[in-house]
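Participant: Sequence:
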Amino acid sequence: MMKRMIALALGSAAMLLPATMGAAQDASYKIPTVVKISGIQWFNRMQEGVDRFAEETGNDAYQVGPPQADAQLQVQLIEDMIAQDADAITVVPFAPEAVEPVLQRARDQGIVVITHEAADIENADYDIEAFSNAAYGEQIMKNLAECMGESGEYAVFVGSLTSKSHNEWVDAAVAYQEENFPDMTMVGDKNETFDDQQQAYQKTQELLRAYPDVAGFQGSASTDVAGVGLAVEERGMEDDTCVMGTSLPSISEQYLETGAVDRIFFWDPALAGYAMNELAVHMLDGGEVTDGMDLSPEGYQDLSLQGKVLYGQAWVEVDQSNMADYPF
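If you count by mature numbering (1 follows the signal peptide of the UniProt record, and there is no 0), then the sequence shown holds residues -23 to -1, 1 to 305, one letter each, in order.
It should be emphasised that the hints constitute simulated quantities derived from the structure, not laboratory data. Just so we're clear, the structure is a prediction, and the values are computed from it rather than from any experiment. For glycine and all other residues, C-beta sits at the position ideal for the given N, C-alpha and C. Warning: the hint list may mix true and false statements.
[As the list claims (entries may be wrong)] Using C-beta positions, here's what the derived DEER-type ranges look like:
#, residue 1, residue 2, range
1, D62, S128, 53 to 59 Å
2, K285, A75, 14 to 20 Å
3, G126, Q86, 54 to 60 Å
4, P304, D217, 27 to 33 Å
[As the list claims (entries may be wrong)] Here are the simulated DMTMM-like pairs of lysine to aspartate or glutamate, each with C-alpha atoms no more than 20 Å apart in a straight line:
#, residue 1, residue 2
5, K7, D47
6, K119, D302
7, K141, E169
8, K141, D85
9, K285, E99
10, K141, E99
11, K167, E115
12, K167, D47
13, K7, D85
Put together the whole structure using the sequences plus the hints.
Facilitator: Spelled out as structure tokens, the structure:
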């Protein structure tokens, strides 16, 4: 069996994965991680964590994802993983409701299912989140409001209208704004970008034409603020707008440097990928999942268990002053 104690010394600033994790084990579980989309920086970074988990534990852990953000393509990949006799499957769903039936089939066959960014999902053994989505959304809004002087028009973006995490962040942010910053107003509806920077860019252009006074932008997909930042930069509006949201320095660095993006928020997807796989092995080994349990990656200790969802404390805020501390 693969029960083990791992001491992880993760860099507190760069949040890098450790150089060593202990000897690989003789036993091996097959654990595919199925992400929303392959080839974008966010999930490339997650793959680093999955690969490191495989390297350091000896498990057959690997990552796959569809070439575009498409729920049916993700379902097909999960079906393939079931057919290939996976011991566990970890999933970052593009549309949680779309994967419910296939995840139920996986569980019916005795496969352990762990999800991420899907706190309301039913057909998973457990979902693990870097933090409470409501608290995270509120934190982004606090920063956006401060930047905007607590007044003015703002717009919000989500990767998908069915992405639970993205919508929970935005819903919490808007609710917090309405209660605490009455002089701010959200314009339009949620702007769906399909995790595509070009879509975010085009949506921003449309918003700037429809609402010439809009001054704030909150993104959810990792590519949103980069698309917004490009549109802002092209119009020379860096000093007139506040652009904030979830992203990575590798995606948004050039816009942080110019001021077209003011601040980004994230959790390290490599650590999330590692944590999902570690939790899957813990369950395969017959371990109990409890409130207050510890996993190895930084921010995933003393986890809060609410129903079937484990919450860590792993968000990071980055602006021009500290982006060099996070080289991914």
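Participant: Of all the hints given earlier, name the ones this structure violates by number, lowest first.
Facilitator: Going through the list in order, the structure violates hints 5, 6, 8 and respects the others.
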